[in-house]
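Novice: Here are the chains, one letter per residue:
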Amino acid sequence: MRLYLPIFILALLGFGFASFSVFMGTRLGPKRWNRAKLESYESGIEPTPHPPGGGRIPVKYYVTAMLFIVFDIEIIFLYPWAVTFNKLGAFGLVEMVTFVITVLVAYAYVWRRGGLEWD
Amino acid sequence: MTGVLAAGTNTDSVAVETVFWILAVVAVAAALAMILVRRAVHCAIMLAVVMLCLATMYAMQGAPFLAFVQIIVYTGAVLMLFLFVIMLIGITAADSIVETIKGQRLAAGLAAIGLLVLLALGIGHAAIGPAAPPSPKYGSGNLTGIATLIFTTYVFPFEVTGALLITAALGAMVLAHRERIAPRPTQRDLAARRLASGQVVGDPPPGIYALHDSADRPALLPDGSPAASSVSSVLNPRTGTEPPQVVRPGEKPQLEAADGGEREPAPSAGSGRAES
Chain A
1 MRLYLPIFIL ALLGFGFASF SVFMGTRLGP KRWNRAKLES YESGIEPTPH
51 PPGGGRIPVK YYVTAMLFIV FDIEIIFLYP WAVTFNKLGA FGLVEMVTFV
101 ITVLVAYAYV WRRGGLEWD
Chain B
120 MTGVLAAGTN TDSVAVETVF WILAVVAVAA ALAMILVRRA VHCAIMLAVV
170 MLCLATMYAM QGAPFLAFVQ IIVYTGAVLM LFLFVIMLIG ITAADSIVET
220 IKGQRLAAGL AAIGLLVLLA LGIGHAAIGP AAPPSPKYGS GNLTGIATLI
270 FTTYVFPFEV TGALLITAAL GAMVLAHRER IAPRPTQRDL AARRLASGQV
320 VGDPPPGIYA LHDSADRPAL LPDGSPAASS VSSVLNPRTG TEPPQVVRPG
370 EKPQLEAADG GEREPAPSAG SGRAES
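For the record, the sequence lines run as chains A and B.
Reading the first sequence from the start, the letters are residues 1 to 119 in the numbering used here.
Reading the second sequence from the start, the letters are residues 120 to 395 in the numbering used here.
Derived by calculation from the structure, the hints in this document are not laboratory data.
Beta carbons are placed, not taken as given, at the ideal position from N, Cα and C, and that holds for glycine.
Don't take each hint at face value.
Below, a sample of chain A positions facing chain B; criterion: calculated Cβ distance under 8 Å [what the hints assert, rightly or not]:
{"no.": "1", "residue": "Val63"}
{"no.": "2", "residue": "Asp72"}
{"no.": "3", "residue": "Ile75"}
{"no.": "4", "residue": "Tyr79"}
{"no.": "5", "residue": "Pro80"}
{"no.": "6", "residue": "Leu88"}
{"no.": "7", "residue": "Gly89"}
{"no.": "8", "residue": "Ala90"}
{"no.": "9", "residue": "Val97"}
{"no.": "10", "residue": "Thr98"}
{"no.": "11", "residue": "Phe99"}
In silico contact screen, one side only, chain B against chain A (beta carbon under 10 Å); selected entries [said to hold, decoys possible]:
{"no.": "12", "residue": "Gly195"}
{"no.": "13", "residue": "Thr267"}
{"no.": "14", "residue": "Val274"}
{"no.": "15", "residue": "His296"}
{"no.": "16", "residue": "Arg303"}
{"no.": "17", "residue": "Arg307"}
{"no.": "18", "residue": "Gly321"}
Kindly generate the complete structure, drawing on both the sequences and the hints.
Specialist: Structure (C-alpha cells):
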C-alpha cells in the first residue's frame, strides 16, 4: 500500500484543486443564469431531438475512435514492459520496437489514406 | 469477503478493508446516480466515478496491472469516446417511453434476474464456502509476472496482437472512410472561388446579435432576420430567433419572466448612442 501513497496524494491534490476552483468560482464569479449555461456543452452545438438529415449522423468519428483505442492498447503493453525493462534487456527492447513498428504500419496507412483529415 | 480482501500484511488489512467499504458505498451511489440522473453528460461522469472506484479496488487487491488497464482503457479511452459521442450527436434530457427495440423490457428484466442470481451465488459462495486462494503464484508482484509471461513465453501472440491492431484500424478505414476523389481545395482555391462568387467578406460567425452563441444558432442580420450562411451546412440551423433587445446604458433590460429561460440581456446594438 505504501506504493500507492504518491498516487493517493496526487489524487487528493487534484480533487482538492478541482473543488477549490469550483467553490471559489461560485463565491467570486458573477451569476447570470440563462438557458445556455445549463446546456451539456455551453457554446457548443445545442442538443437536438433528432440529428439533422432524418436520424443519420456522420460516421467519420469512428476512424478517430478506433485509432485512439488501437494506440491505447499499445500503451497497455508498454506499461509492464517498462516495469521489467531492466530484467528483459536487449531482447525486450527488440520485441517492443518490433511491436511498435507493426502498429505504426496501421498509423501510416490511415494517415496516407487521409483518415486523419476531418472534412 | 474479508478473507479475499486481506491480501497484504496485518497492518494493511484494516486500511484495505476501510477503503473497500468507503469505495463500495461511493461506487454503488455513483452507479445509482448514473441511472437516475437526467443529463447524459452527468451519466458519463458518474460512470467515470464507478470505473475509478473499481480501479482502486483492483489496486487494493494487489492487481496493479488490472487497475491501470481499467484507468487507461476504460476511464481514459472508452469513457472519453462516450463524451465525444454526446458532444457530437447531442442528446436531450427528455425521456422516451416508446420501446425502440422490440421486447427490450423483457430482455432487460431477464438479464437483471440472471445477474442477480449470479451475484447471489458468487457472494454466497465466497461467504460460506472456502474462499479461493489469492493466486500465490505471482503474489503481489503480478505485474512482473504478467510481463515475464507476455515478453518471454507468449512473445509470438504478443507480436501478432500488432497485426490484430492493424486489422482493427484497416477495418475502421474500410467501414467509415470516404475516399477523397478530387484534390483538396487549397486556401488559394477557396479565396479565388469566394472572389468569383462576388462575396468578398467572410461568412458571419453564428450567434451574432442572437440570444445564443451556440454553433447552430444563426447570426441575425441588421433587420433581425437570421443569416443562413452563418451556420455550417452540416448543422441544423436553429430557428425561432427573437429580435435583439436594445439596451441603452444605464437602462435595465426587460427580462422574460415567463419560463425562467433566457435571462441574458441582448448585446447592446446601439453602443454609440449617448445616454440622454
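Novice: Each of the hints needs a verdict: does it hold here or not?
Specialist: Structure-based check of each hint:
no., hint, result
1, Val63, "holds (5 Å)"
2, Asp72, "holds (4 Å)"
3, Ile75, "holds (6 Å)"
4, Tyr79, "holds (6 Å)"
5, Pro80, "holds (4 Å)"
6, Leu88, "holds (6 Å)"
7, Gly89, "violated (10 Å)"
8, Ala90, "violated (12 Å)"
9, Val97, "violated (11 Å)"
10, Thr98, "holds (6 Å)"
11, Phe99, "holds (5 Å)"
12, Gly195, "holds (7 Å)"
13, Thr267, "holds (7 Å)"
14, Val274, "holds (6 Å)"
15, His296, "holds (5 Å)"
16, Arg303, "holds (8 Å)"
17, Arg307, "violated (17 Å)"
18, Gly321, "violated (18 Å)"
Checked against the numbered hints given earlier, this structure breaks hints 7, 8, 9, 17 and 18; the rest are met.
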